[in-house]
Amino acid sequence: MKIPVDTLLSQMKDAGLPHTDAGDVVSDEQKQQLLAHLRKSHGAQDAEPKKITLKRRSTSTIKTTGTAGKAKTVNVEVRKKRTYVKRESIEEQERLEAERQAEEEARLKAEEEARRAEEEARRKAEEEARRKQEEEAARHAEEDARRKALEADSAAQGGAEKEAEDKSKRVSVPKTAKKADKVETAEERAKREEEERKQREAEEARRKQEAEARRKAEEEAARRTAEEAQRIAEELEKRGGEQSQEKKEEEDDKASSIVRDAVEAGYRTEERQSRRRRRKPKSGGVVHGQMKSSMNREHGFKSPTEKMVYDVEIPETITVAELAQRMNIKAKELIKAMMKMGEMATVNQFIDQETAVLLTEEMGHTPKLVKGEEEALEDDLASLVDRSGEQEVSRAPVVTIMGHVDHGKTSLLDYIRRAKVAAGEAGGITQHIGAYHVNTEHGMITFLDTPGHAAFTAMRARGAKATDIVIIVVAADDGVMPQTEEAINHAKAAGVPIIIAVNKIDKEQADPDRVKNELAAKDVIPEEWGGDIQFVNVSAHSGEGVDALLESVLLQSELLELKAAAVGPASGVVIESRVEKGRGNVASILVQAGELEVGDMLLAGACFGRVRALVDENGQQVNKVGPSIPVEVLGLNGAPEAGEQVQVVPDEKKAREVAEFRQDRDRDVKLKRQQASKLENLFQNMGSEETKHVNIVLKADVRGSLEALIGALTDLSTDEVKVGLVSTGVGAINESDVNLAMTSEAVLLGFNVRADAKAKRLCEAEGIDLRYYSVIYELIDDVKQAMSGLLAPEKREEILGVAQVRDVFRSSKFGAVAGCMVVEGTLHRNRPIRVLRDDVVVFEGELESLRRFKDDVQEVRNGMECGIAVKSYNDVKEGDKIEVFEVKEVARFL
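Once you know that position 552 of the sequence shown is 1747 in this note's numbering, the rest is easy, because the numbers rise by one and skip nothing.
One or more hints might be untrue.
[Said to hold, decoys possible] The calculated BS3-like cross-link candidates involving lysine-lysine, where the alpha carbons are at most 25 Å apart (straight line), are:
hint: 1; residue 1: 1246; residue 2: 1281
hint: 2; residue 1: 1246; residue 2: 1258
hint: 3; residue 1: 1758; residue 2: 1717
hint: 4; residue 1: 1535; residue 2: 1502
hint: 5; residue 1: 1990; residue 2: 1887
hint: 6; residue 1: 1258; residue 2: 1917
hint: 7; residue 1: 1393; residue 2: 1327
hint: 8; residue 1: 1527; residue 2: 1563
hint: 9; residue 1: 1276; residue 2: 1235
hint: 10; residue 1: 1246; residue 2: 1563
hint: 11; residue 1: 2066; residue 2: 2008
Please keep in mind that the hints were generated in silico from the structure rather than gathered at the bench.
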C-alpha cells in the first residue's frame, strides 16, 4: 500500500483488528474490514457522483498558402466537453421544480385574492365616505338656506323699526342720528365676521372628522382583506395537492380572466392616452401623420418572441451547406461558428458526425444521430446471430505465453506439448503466433505463443487481447528485460490476470529473488509479499515446476468462471493468416463461442468464404471445433488481417455484402491516408533539399510478420533518407511484383517466401535486386546499410599544424613574409590555412610560399623555423598564429 507500517497498524487498530506487529498475517476478511473502515472514515459511501463530465482534446494542423504564396501551418486545438447526469437526479430535480412551481402558483393566487379583496374593501369604503359626504353637504345646504331665510325675516323687521326711529330722530337731532347709524353698521360687520369664522371652524372640524372616519374605514377594510387572504392561503396550503382537477381549472380560468381584464384595461388606458397625445386636425379632414400611424400599428406580421429549436438529423458525414439548411440558418453563419471552434471548412466540404454534433449544440439546436450504412449493416449482422437463448457451458482457458527473447517461452511450451516448435523457426526465435490446445491431467488448456522480438509488439498486443490468462516467462539468470516490461503493460492494458513463470532455475547463476525484486519495482507484487500475482519457479529442460504452473493456470481459470455457448454459429478471432501454394488462403482462427463446422459461411473482417477444411495444430483434419480451440481454416477469398473478428453468417449474400462494404471502407481510409501523407510531404519538402528514398517491394509468408516488418522498416526513416514501401503483401513473389519494382526502381525483399519461375527469369533479365530473408534481424540490418549509403558524408576538420609568427619581413615578390616557428604538428604546403590573432580567425586562404632558408619545401615539422608567404594577405603581424588544417569526409551510418 506504500504507507508506513505504523500508520497501517494504527488504521487497523481503529478498524477493530487485533494486529499489533508488522509480521502478523492479514486475511482477506480482515482486508475487507479495513477497507470498509477506511471508506467510511473518508466519506466514500456517499461519494457517488451524480454527474460525470468527459473532456476530449485533439490537436491537428492545417496547411494553407499565405498571401505571399508561402506555406503556412496553423495548429488547431478542438476541445469537446460532454456532461452525463444520472436519471435519478434529473427526475428528483424535475419533481422539486414541479413542487416549487405549484407553491409559487398557490402563492400568486393567494396574493391575487388578497389584492382583489383589498381593492373591493377600499372601493366600498370610498363609496360609503362619498355617500356620507353628500348627505352631510345636503344637510349643510338645507341649514344654510333655513338660516338665510331667518336672517332675511329678522333683517326686514329690523329695517322697518330703524326707518321709523330714524324719521323721529331726523326731526329732532339729525347729527346724532347719523353718528348712531355709523356705529350700528360696524357692529353688524363684526357679527358677520364672527359668524363666518365659526362656520369655517365647523367646516374644518367636519372635514377632519370625515377624514378620520375614512382612514378608520380603510384600515378596517385592509385588516379584513389581510385576514381573508391569510385564511385563503392557509386553506390552500392545508388542501395542497388534494384539489380536484376541476377546481384547479376553475382557478386557472379565474386567474386568466383577471390577467386578461388587466391587459385590456391597460390597453384601453394606453389607447386613451395616445388619443389625447394625438394632435387634433385643424380642419375636418384626416391628418396624414395619423393615417400613417394607424397603418403602421395595424401591420399583419408579428416577429416570433423566441428562437426556434429544431431536431437536426446528422448522419456519419454531412456537408456544411446541408447542415446549415437543416438548422434553417445561412451557411456563412455556420462557417463563422466553425472558425471560432478552430475548424476551417468550405460550404461543400464534408464534416464528420462528431463535429456536426458540436456545431448543432453550439447553434442551440438538438442533434439527432442517424445510423450510417456501416452501423446498419453491423446491426443487421448482429441480429442474424442471436445467442440470447443459447445455454453457456464451461470452456477451457486461453493462455498466452509472453516474455523477452530467449527467456524460454517456446521451450516451456514444447515441454508441455512434448514437441519441438523452436526448431522449425529460423534463427531459433519465434516469428509467428502459434496456437495449441493441450489435454493435461488437470484439464484442457489452449496456449498462444507470441514472439518476444522487439519488432513484434503489435503481434504481442493481439495475443494479449485474445487471451484469458497471461504467463510471462522471465529467465532467472537474466532478470527483467525491456520486452518483459512491455508484456506486463500489454497484459495490464487488456485487464488479464498475470502469472509469472521464473524459468531456467536449474542454472548456476539463477536468482529467482532478483526477479521478484525487479518485478516488485514494476508494481508486480508476489502473493507471498502481500500481492495478487502468482510466481512459479520452472525449468523448461528438466520439467521442474511445470505441474505447479498448470495447476496455477487452472486455479485462475476456475476463479474467472469462463463460459461460452457450445452450440450455434461460431465466432472468434483471427490469430494469423497466410497464403500457401496449393492450399490458398489459410487463416489461423481461435474459436471463442459456438461451433465451427466444415461448410459454414465464414466472415472474417473484409474476407469471406465457405469453410472447405479445418486443420488442427497437428495437421489433422477435423469436421468441427468448439470454444477455445485453435484451428486453420481453408476457403476464404483472401488473407484477413490478424486480430479481425470472425463470425459465421447464415447465407453468402449477407457475407458478400458486408465484406464488400468493409473493403470499400478500408480502401477509402487508405486513399485518404495516402493523400494526407502526400500533402504533408509536399509542404514539408517545399524549399528544402530533395529527400532520398529507399523503395522496397516486400512480400512475407504470414500477415503478422508482414505487419511487424512494415512497422520496423517505417521506424528506420529519417529526415534525410526515407523508406518507401511501394507494395506489401502475403504470398510468393510473382511477375507483377517484379514489374512494380522495375517501375518504381525498388528492391524486392522476400521474408520466408520465394519467387516463382517467371519472376526469377524477369529479375535476371532486368537486373532487379532480389533478396531472400528468414530472420528479421538480417533484413532490417541490410535495409539500414542501404539507407546509410544514401546519407551525405559528414565533413570533419583536422588541424595538421600550427606555426607562430616571430617576425615579419618585406619581399618585393611576395610582399609580407612571416618568419615562423612550428609549435605544433606539421605544416603542409598544399593545405588550406587560417591566420589567427588573439585566437580569433582574421583570414582563411592558402599558402603562396613555404621555405626553409632559401629552399622551397613541401612540409616543415614541429620545432623547425620557416618562412611563410600568405596568398592575397599582407597584414601578418608578429605574434599571429598560422594554422594548417585538412577537411575529411567520413561515411555516416544509421
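Comparing the hints with the structure gives:
1. 1246 with 1281: Holds, at about 6 Å.
2. 1246 with 1258: violated (39 Å)
3. 1758 with 1717: Given pair residue 1758, residue 1717 is violated - Cα atoms ~32 Å apart, limit 25 Å.
4. 1535 with 1502: Holds, at roughly 22 Å.
5. 1990 with 1887: holds (19 Å)
6. 1258 with 1917: Distance of about 22 Å is within 25 Å: holds.
7. 1393 with 1327: holds (22 Å)
8. 1527 with 1563: With Cα atoms ~22 Å apart, residue 1527 and residue 1563 stay inside 25 Å; holds.
9. 1276 with 1235: Violated: residue 1276 and residue 1235 sit about 32 Å apart, past 25 Å.
10. 1246 with 1563: holds (22 Å)
11. 2066 with 2008: holds (12 Å)
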